[in-house]
Amino acid sequence: MALDKWIAVVFLTVAVAYGYSAFTYPLLPFELNMVFLPNTMPMALSVIAIILCLIVILSPKPVTTDSGSDIDLSNLGDYKVTQTLILVAAMLAYALALRPVGFLASTVLFLVATGWILGERRLHIMIPVALMGAGVVWFLVQQALGIFLRPLPWFLS
Amino acid sequence: MFDGIMLGVTAAFSLTNLTMVVAGCLIGTFIGMLPGLGPMSIIAIMIPVAIKIGDPSAALILLAGVYYGAIFGGSTSSILINAPGVAGTVATSFDGYPMARMGKAGKALAIAAIASFCGGTVGAILLIGFAPALSSVALLFHSAEYFALMIVGLSAIAAFAGEGMVVKALLMTVMGLIMATVGESALFNAPRFTMGVQDLQSGFSFITLAMALFALPEALFLVMDPARAKQDDADGQIKDLKITRAEARAIAPVIARQSIQGFLIGVMPGAGATIASFLGYAVERNIASEEEQKEFGKGSIKGLAAPEAANNAACTGSFVPLLTLGIPGSGTTAILLGALIALNVNPGPRLMIDNPTIFWSVIISMYIGNVVLIILNLPLIPYIAKLLTIPRNYLIPFILFFTLIGAYIGQNNATELLILVGLGVGATILRFANYPLAPLLIGFILGGMMEDNFARAVNLTDGIQFMYQRPMTLTLLIIGVALIALPIWRRRRSRLSVADGD
Numbered sequence: 000m001a002l003d004k005w006i007a008v009v010f011l012t013v014a015v016a017y018g019y020s021a022f023t024y025p026l027l028p029f030e031l032n033m034v035f036l037p038n039t040m041p042m043a044l045s046v047i048a049i050i051l052c053l054i055v056i057l058s059p060k061p062v063t064t065d066s067g068s069d070i071d072l073s074n075l076g077d078y079k080v081t082q083t084l085i086l087v088a089a090m091l092a093y094a095l096a097l098r099p100v101g102f103l104a105s106t107v108l109f110l111v112a113t114g115w116i117l118g119e120r121r122l123h124i125m126i127p128v129a130l131m132g133a134g135v136v137w138f139l140v141q142q143a144l145g146i147f148l149r150p151l152p153w154f155l156s
Numbered sequence: 000m001f002d003g004i005m006l007g008v009t010a011a012f013s014l015t016n017l018t019m020v021v022a023g024c025l026i027g028t029f030i031g032m033l034p035g036l037g038p039m040s041i042i043a044i045m046i047p048v049a050i051k052i053g054d055p056s057a058a059l060i061l062l063a064g065v066y067y068g069a070i071f072g073g074s075t076s077s078i079l080i081n082a083p084g085v086a087g088t089v090a091t092s093f094d095g096y097p098m099a100r101m102g103k104a105g106k107a108l109a110i111a112a113i114a115s116f117c118g119g120t121v122g123a124i125l126l127i128g129f130a131p132a133l134s135s136v137a138l139l140f141h142s143a144e145y146f147a148l149m150i151v152g153l154s155a156i157a158a159f160a161g162e163g164m165v166v167k168a169l170l171m172t173v174m175g176l177i178m179a180t181v182g183e184s185a186l187f188n189a190p191r192f193t194m195g196v197q198d199l200q201s202g203f204s205f206i207t208l209a210m211a212l213f214a215l216p217e218a219l220f221l222v223m224d225p226a227r228a229k230q231d232d233a234d235g236q237i238k239d240l241k242i243t244r245a246e247a248r249a250i251a252p253v254i255a256r257q258s259i260q261g262f263l264i265g266v267m268p269g270a271g272a273t274i275a276s277f278l279g280y281a282v283e284r285n286i287a288s289e290e291e292q293k294e295f296g297k298g299s300i301k302g303l304a305a306p307e308a309a310n311n312a313a314c315t316g317s318f319v320p321l322l323t324l325g326i327p328g329s330g331t332t333a334i335l336l337g338a339l340i341a342l343n344v345n346p347g348p349r350l351m352i353d354n355p356t357i358f359w360s361v362i363i364s365m366y367i368g369n370v371v372l373i374i375l376n377l378p379l380i381p382y383i384a385k386l387l388t389i390p391r392n393y394l395i396p397f398i399l400f401f402t403l404i405g406a407y408i409g410q411n412n413a414t415e416l417l418i419l420v421g422l423g424v425g426a427t428i429l430r431f432a433n434y435p436l437a438p439l440l441i442g443f444i445l446g447g448m449m450e451d452n453f454a455r456a457v458n459l460t461d462g463i464q465f466m467y468q469r470p471m472t473l474t475l476l477i478i479g480v481a482l483i484a485l486p487i488w489r490r491r492r493s494r495l496s497v498a499d500g501d
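So the sequence lines, in the order shown, correspond to chains A and B. For the first sequence, position 76 matches number 75 in numbering that gives the first Met the number 0, and the numbering has no gaps at all. For the second sequence, position 295 matches number 294 in numbering that gives the first Met the number 0, and the numbering has no gaps at all.
Here are the simulated lysine-lysine pairs, DSBU-like style, with alpha carbons at most 35 Å apart:
| hint | chain 1 | residue 1 | chain 2 | residue 2 |
| --- | --- | --- | --- | --- |
| 1 | B | K293 | A | K79 |
| 2 | B | K385 | A | K79 |
| 3 | B | K297 | A | K4 |
| 4 | B | K293 | A | K4 |
| 5 | A | K79 | B | K297 |
Below, a sample of chain B positions facing chain A; criterion: calculated Cβ distance under 8 Å:
| hint | residue |
| --- | --- |
| 6 | V173 |
| 7 | L176 |
| 8 | D224 |
| 9 | V420 |
What the hints contain is simulated information worked out from the structure, not anything from laboratory work. No experiment lies behind these values; they were computed from the predicted model shown. No residue lacks a Cβ here, since even glycine has one placed at the ideal position from N, Cα and C.
Isolated chain A (complex conformation) (with noise of 0.2 Å):
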């Protein structure tokens, strides 16, 4: 099967979760009187989505027609899927390490070692960059703006 089917196979499990809770939705006891209802809509959408999940996963031949897509799944191999992964993985590293270690420190880190898994060994030049990069960043958000992101670690701050 191909992975269009199954992801719309993921799909058709999301609609019929959604539509189970649609459709089993809590009202409260005053809303039972009104005409439209806080689960009218998703009821309707719930039954559509299983529909057109449906349609594509019963559709005899593949549903998509070369739309002239750049990015073919045929030679995942020549992807650096590895180098990928790591990066998701630095990003959620990230995000989790942006509020304890403070924005600065962080930013500087991940900006860095970003670079590195892509190959960059120049640290010397990157180092400064990403220090330039957080500074810029933090005094325009913080300073101009005056939206609060904590710069230090939370030990210093």
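Take the given structure of chain A and dock chain B to it, following the hints.
What follows is chain B alone, placed relative to chain A:
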């Protein structure tokens, strides 16, 4: 009226007000380039500054400058790194980003600037001429018509979808609508479908979803496929702004049509720049010739010019209900309304009579803002486009960083970033399977509005009979159904004729 225009011209051309326009445009452009800070947030941030100025005309002129600048800045990030920070520039990235990838970033930015300029200019002229008359027509649009308009917008998605992709595009639209129902809405009393996750109580945020669907997959593809990042800068094309005569001839009618259509959509309260840009794109794609249709989505200059012109014209149009009726048609104009009231100006039918200086100088300064914007930005474009020639090892970390921080500063919430990365990986897989991602985002943006208007119409009429009782609603709904049925029917017919040919 002529006296009024002269009054506005004299007021707008004073040194203070000209400085305000220039300052506003510059601030807007540069902050607007950061994905995650759209016109709404920038104007909100600038309000204290504007109030400190004291003079209502000068303050409003500054804010209008910021507004225009921010919209142009938003198009820049859509074109260069596929990161639309505002719903109104999502359609810009459909063709703007492919152009940038072909090494024509400079040209794409120039077309965007020129289309925006024309859209804004036409909008300003129409605003001067028709503001009072249009405001009464806009009031004829009730929630039933808005609902029908959303349906047209959503079914226009079938027009975005390529050959044989209609079902998938519709499926993605419905998924977007489903995501829009998560969290609290204005209509009901409790958050829905949050799966017990506290951070979903206010629903998915637009910025997070836009970054996850467009910017993040693109950055990940740049990592996976190093050849993709290579730009042909051998002949210095990337900085080249030149638009050939043939290209100018191709986009001129597009810009003219979309400026007017965008303005009219912008006038209706609640529709705004987002719908104007999507509809503009869909309309131009449908009326283009067959060969040109294949170009759409792959770097068509028409596909870039249409949403940009429509978007800017609609922004100008949205000032009509604000200035003449005191009804804000969009989030941004709602914030402007707040600023006006803080400055002791009451927008409404009496504004034109009581405060003609304010009314006219704002309109004239919109036009000046457009001129200033294009004078400031055309010379800057080569440098902005040059950003793409930064080596890959530096560019990708910064794209990822801006994507993440754009979602973070909106919410100040680290969970948002985890959601962003999760959705981004999901979107990447969807791209592998050839699912179009734009319909999901469009469904998400229009979903909330659609449900609100539908509920209001149902509550008003105690049922769904408004669908056939109101002629305008019925017409719009028929157009919507036709938009979905047409591509399916056309495909079936072409398949039959192929079979006959065998």
